Amino acid sequence: MYLTQFSYTPETWARLIENPEDRREAARTYIESVGGKLHGFWYAFGEHDGWNLWEAPDNVSMASV
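Okay, so the sequence shown: first residue is 2 according to my numbering, each after it adds one.
Note that these hints are calculated values from the structure, not bench results.
This structure is a prediction, so every number in the text was calculated from the model and none was measured.
All C-beta atoms, glycine included, are put in the ideal place defined by N, C-alpha and C.
Worth double-checking, as some hints may not be accurate.
[As the list claims (entries may be wrong)] Pairwise CB distance ranges, derived in the manner of DEER restraints:
#1 Asn20 - Pro58: 29 to 37 angstroms
#2 Leu4 - Gly36: 14 to 22 angstroms
#3 Met2 - Thr30: 17 to 25 angstroms
#4 Arg25 - Ser65: 13 to 21 angstroms
#5 Pro21 - His49: 17 to 25 angstroms
#6 Ala64 - Ser8: 30 to 38 angstroms
Make a model of the complete structure from these sequences and hints.
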């Protein structure tokens, strides 16, 4: 299991406001492409914009994401 944090640039936030999309589904698709599974995806206030909890078959697959 891996718990990772992410942050968006101001430009990314602007694009998401203009064209909202389900970033959880985008993350799920990307993680599943290396044989992983997304268990959670949360937005947060603070230094990072969000967190996700997921698993991958091995550390090499994890690093590729």
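How the hints compare with the structure:
{"no.": "1", "hint": "Asn20 - Pro58: 29 to 37 angstroms", "verdict": "holds, 33 angstroms"}
{"no.": "2", "hint": "Leu4 - Gly36: 14 to 22 angstroms", "verdict": "holds, 18 angstroms"}
{"no.": "3", "hint": "Met2 - Thr30: 17 to 25 angstroms", "verdict": "holds, 19 angstroms"}
{"no.": "4", "hint": "Arg25 - Ser65: 13 to 21 angstroms", "verdict": "holds, 20 angstroms"}
{"no.": "5", "hint": "Pro21 - His49: 17 to 25 angstroms", "verdict": "holds, 20 angstroms"}
{"no.": "6", "hint": "Ala64 - Ser8: 30 to 38 angstroms", "verdict": "violated, 19 angstroms"}
In terms of the numbered hints stated before, the structure departs from hint 6 and from no other.
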